[in-house]
Amino acid sequence: GQQVMQIPQYQHVQEGEDFTTYCNSSTTLSNIQWYKQRPGGHPVFLIQLVKSGEVKKQKRLTFQFGEAKKNSSLHITATQTTDVGTYFCAGSRLYNQAGTALIFGKGTTLSVSS
Amino acid sequence: DTGVSQDPRHKITKRGQNVTFRCDPISEHNRLYWYRQTLGQGPEFLTYFQNEAQLEKSRLLSDRFSAERPKGSFSTLEIQRTEQGDSAMYLCASSTGTLLTDTQYFGPGTRLTVL
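Chain order of the listed sequences is P and F.
Quick note on this note's numbering: the first sequence kicks off at 13 and runs consecutively.
Quick note on this note's numbering: the second sequence kicks off at 45 and runs consecutively.
One chain only, chain F, in its complex shape (with noise of 0.2 angstroms):
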């Protein structure tokens, strides 16, 4: 499968603990997106990566929030002091191309219960 994969696809923590998602884009796509997704609603922009820069940070994205893509491959997204309210599905896309034809292909997501 060379689609996008994300790591784990469930996790359940507890309240103040840290967690760590992994996502591994599509080979040969230099950008990389994380979104976040409640129930009922769309899919809302976290971050992104072309290549290992991280351009642009979404105002949902606190300080207890941190990705990084280190190499311009696989990135990581990092929650620290968990809040009931992080409860979400966060989904990592990948793309490559022109401004005006950015297709982002999307992972299976991972699923975070905060209890």
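With the rest of the complex left out, here is chain P (with noise of 0.2 angstroms):
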């Protein structure tokens, strides 16, 4: 079946430096999505990609939507304390051409010291 996997699985850094983590698929995807969990909390929405070498900007985060529709990446630039969490990767597989079910990557859960 369709797989999302995400690197790498953790990532320290230190308040300042960038982070990048990276989303492939298995299968060409419609279009990609990511979300942020902070601990203890639930997912969410960051932002959608859905044409092929798609680039968005939110501030000092980065996303990539490669040129295959295969894979995407999350770059934050300057990461502070407030980017911790894990960031998920969802790549949507078609239901029945009526709807679509998220097929979610393990996460990169990030965290920052000061």
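The hints are simulated quantities; they were obtained by calculation from the structure and are not laboratory data.
Even for Gly, the Cβ is constructed at its ideal location relative to N, Cα and C.
Among the hints, erroneous ones may be present.
[As the list claims (entries may be wrong)] What follows is a list of derived Cβ distance ranges for each label pair:
id, chain 1, residue 1, chain 2, residue 2, range
1, P, Thr40, F, Thr57, 38 to 46 angstroms
2, P, Ser38, F, Ser117, 33 to 41 angstroms
3, F, Thr82, P, Thr93, 39 to 47 angstroms
4, P, Arg72, F, Thr147, 34 to 42 angstroms
5, P, Gly52, F, Ser117, 24 to 32 angstroms
6, P, Val56, F, Ser102, 17 to 25 angstroms
Work from the hints to combine the two standalone chains into their complex.
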């Protein structure tokens, strides 16, 4: 079945350093979504990428969707302690042409020390 | 608060008991999803509703699990004869949109502990 893999599983950085997490799918995706989950919290939607080669920015966060729509990355510039959490990518899989189920990676847990 | 709500937030039960969880989606959202998340893993898809119709169920959803969305608004997820392996966070999400831009918004989840 379709799988979404994320690396690294854990990343610790000093505040101010950059951080990148990578996401790879075994199949071509219709779109990819990124979520952030704080410890004890629930996944919170960050962004959705739809087009091949798409790049989107949200302040210090840069999201990329690969040309083949099978991989994606999230890059955080100059991390802050508020960036702590687990970042999930999720690929969409069409069900019955009427909806989508998200196939999540295992996530990358980011810790930041000041 | 107009986000997705779930009730209860925590449930502790003994093995063999039945439990039921409720999800209230964002009011204008016609799609509702249930996911399960265990420690160190991403959410895993369980089932999906378009309005009141249950359109897809994952292989993870054994015969002990049943979900309903009778009026196309709130949904319930029931687990019968709970097992310790059912212990997890059960997440509900809702959405509206096209097939290619189906952003899902998650509720706070119900954490189930089976003793």
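Each hint tested on the structure:
1. P:Thr40 x F:Thr57: 38 to 46 angstroms: holds, 41 angstroms
2. P:Ser38 x F:Ser117: 33 to 41 angstroms: Holds: the Cβ-Cβ distance is about 36 angstroms, inside 33 to 41 angstroms.
3. F:Thr82 x P:Thr93: 39 to 47 angstroms: violated, 27 angstroms
4. P:Arg72 x F:Thr147: 34 to 42 angstroms: violated, 22 angstroms
5. P:Gly52 x F:Ser117: 24 to 32 angstroms: Taking Cβ atoms as reference, Gly52 (chain P) and Ser117 (chain F) lie about 28 angstroms apart, which means the hint holds.
6. P:Val56 x F:Ser102: 17 to 25 angstroms: Holds, since Val56 (chain P) and Ser102 (chain F) (Cβ atoms, about 23 angstroms apart) stay within the stated range.
The structure shown violates the earlier hints numbered 3, 4.
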